[in-house]
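Start from the sequences, fold in the hints, and give me the full structure.
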Amino acid sequence: MRGDTMSTATTPDTQTTESQPTAAHVADSHDLIRVEGARENNLKDVSVEIPKRRLTVFTGVSGSGKSSLVFDTIAAESQRLINETYSAFVQGFMPSLPRPDVDLLDGLTTAIIVDQERMGANPRSTVGTATDANALLRILFSRLGDPHIGSPNAYSFNIPTVRASGAITVERGDRTKAERATFSRLGGMCPRCEGMGSVNDFDLTALYDASRSLSEGALTVPGYSMDGWYGRIFSGAGIPMDKPISKFTKKELHTLLYAEPTKIKVEGVNLTHEGLIPKIQKSMLSKDREAMQPHVRAFVDRAITFTTCPECDGTRLSAEARSSRIRGRNIADLCAMQISDLAAWVRDLDEPSVAPLLKGLQHLLDSFTEIGLGYLSLERPAGTLSGGEAQRTKMIRHLGSSLTDVTYVFDEPTIGLHPHDIARMNTLLLRLRDKGNTVLVVEHKPETITIGDHVVDLGPGAGTAGGEVVFEGTVEELRASGTLTGRHLDDRATLKENVRTPSDRLEIRGASTNNLKDVNVDIPLGVLCVITGVAGSGKSSLIDGSVARRDGFVLIDQGAIRGSRRSNPATYTGLLDPIRKAFAKANGVKASLFSSNSEGACPTCNGAGVVYTDLGVMATVESTCEDCEGKGFQAAVLEYTLGGRNIAEVLAMPVSEAEEFFGSGDARTPAAHKVLARLADVGLGYLTIGQPLTTLSGGERQRLKLATRMGEKGGVYILDEPTTGLHLADVRQLLGLLDRLVDSGRSVIVIEHHQAVMAHADWIIDLGPGAGHDGGRVVFEGPPADLVAARSTLTGEHLAAYVGGGS
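Residue numbers (our numbering): 209 to 1015.
If a hint is listed, it holds; no wrong ones were tucked in.
Derived lysine-lysine pairs resembling DSSO-like cross-links, with alpha carbons at most 30 angstroms apart:
id: 1; residue 1: K458; residue 2: K490
id: 2; residue 1: K882; residue 2: K789
id: 3; residue 1: K490; residue 2: K459
id: 4; residue 1: K487; residue 2: K471
id: 5; residue 1: K487; residue 2: K473
id: 6; residue 1: K471; residue 2: K451
id: 7; residue 1: K473; residue 2: K455
id: 8; residue 1: K793; residue 2: K882
id: 9; residue 1: K490; residue 2: K473
id: 10; residue 1: K451; residue 2: K473
id: 11; residue 1: K473; residue 2: K458
Don't read these hints as lab results, they were simulated from the structure.
Structure representation (structure tokens):
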């Protein structure tokens, strides 16, 4: 169960914490979260006792069961219990949450989950709106803004400007009671762009082929087929179906493209016709670009041009909202500032009348800096944040919270953090603990593992080879335990004695994307080049703005892979196609029979493997399909075999087993074997090839993307933090993979914070020296040994400590 969610058990414990928490034995059962017989996913009857008001770190290789225990068992049950306190009517609007497969859960408190999921797909959401920062600024301007234009809503770009008939007097003392009431409801949305900050222009030639009629398939907009209801609606609205669009009258073309929503009756059914352009604006452009399906995103990029709104200059705010100022700055000016600079501006604002408000705002803005996000601005769209940035932004919501004795659950909070910033993150985790909260952290980085009061190590392996608690205790006891995590906890990579010689160089001149300051740098090719620097120093700006979009370059970034619960590694990587063809050839039948999304699907559950029962106002119940027993296929299809296995048995195989199965014997399928070998290469040998993508962690999804993109033809591979989600023992395997890519003649460019990858590089380009406007310059370029010898940058200092045995 993921998401930034607040949930609670029925009776939260309220005992106070000690001033200096330690890992001392806790005798009172009220001071424990007890789990007995947990069997979610690969967990094997796991029982564990977790001390409350302590910081517990959960370790183990990727796929060992950490998330299954922490998120899918403990946090999920806490969420379910609070949901049950709502009325049946309210529960009908909430997702159905089944009880986790566990015998006993005791001692739960409110669970607040701070995970790696990117922040919503709403293009109206910004860093400021996703936290309390914008709300506090709006209140501040409603108190101190000159001229005074109304309530906090008057400064919101998400609330329309709705005026009553007649003029509204601006001077405060001259307003009537009715005028003041109307005025207080005014929003600050720019009327031209409706608070989006940009306006769009449609290329009509990308919407339709004017030489064709609608019935001949003139429309090129995704999802608009004339065989279904769209064709009937257009016909019912009086649009000619058999006439080429080029012959349409002005009225007919206007009805097709721009018509306002109009009620029509088609075949006795009441429907609504709306023009193509407003329909596209509502259905497609209301979503963040990254949330679109690939074919929809390609259409939008092809058909629509976005330009900065000329009326608000991209600020999203009305002229009235921008006219109100505090010490010469309007709210748009403040939201555009780097947050660390905004914090300094607020600190200098001495206004006793709003002192408590300023104190709260100051604390919030300082939290951004403390957590390593001071380089952001409040106007930054939330959908553009990386997974690590999004997680830290969510964390900021809770740093100033007055809640105590709750359970905070973090999923690898060090993702995207430079070693310099990890120490600050650790301080914040300990601060949450010291307020009397239970902090549960799933983590791979030794710097964070070592601050834990208690460690729970799962394993010994991944998938079916994991799911057991192999160690519980202190960090020092973990070191001596002999588990995989214990053996690798103090691993330190060594610098290469000999580095590769570049075969060529990629010249970058005058790079100025975002915070880059006219950067000139040569990226060596034919080697392993690592781009380093603190978060916000300009690494991604350099690569995305000057390198990634070139021909022959393969970019493997941290963007989420999209897919429903019907999507799995086999469908995502294209592995299922050669498997279906192999089954079809071996049995002399059609390949479509071996897809649970096509002809072979179980008719009862339509291939989903589960049946949903709608109980009206009660929550919808999900249950395993009795006809196919959750396999998703018709019984007749399961009679066909390949190498003695049916299609459902093959999809239930882990990657490692499937690689062996399709590599030899009667089932030998070279095309499938090649894909499976790539999946094993990136450390996903434990994944079941039919496992829903929705169950994969962020690190697993990125490595799945890496395995898929490795099959593409390209001379240069660009990887953005490939160590995300990797256990200490798996980093070595990744380094071997990167070496094989380079030795095969490819160039590899890696954006990375992990010191083991830095030490293994042939060449390092370090950006900084700081973040935001304090970064954007190349502060070092050369082999890792020279960076360590110089110790002239933050990266150099931390890498020197790492290879020298420090932490």
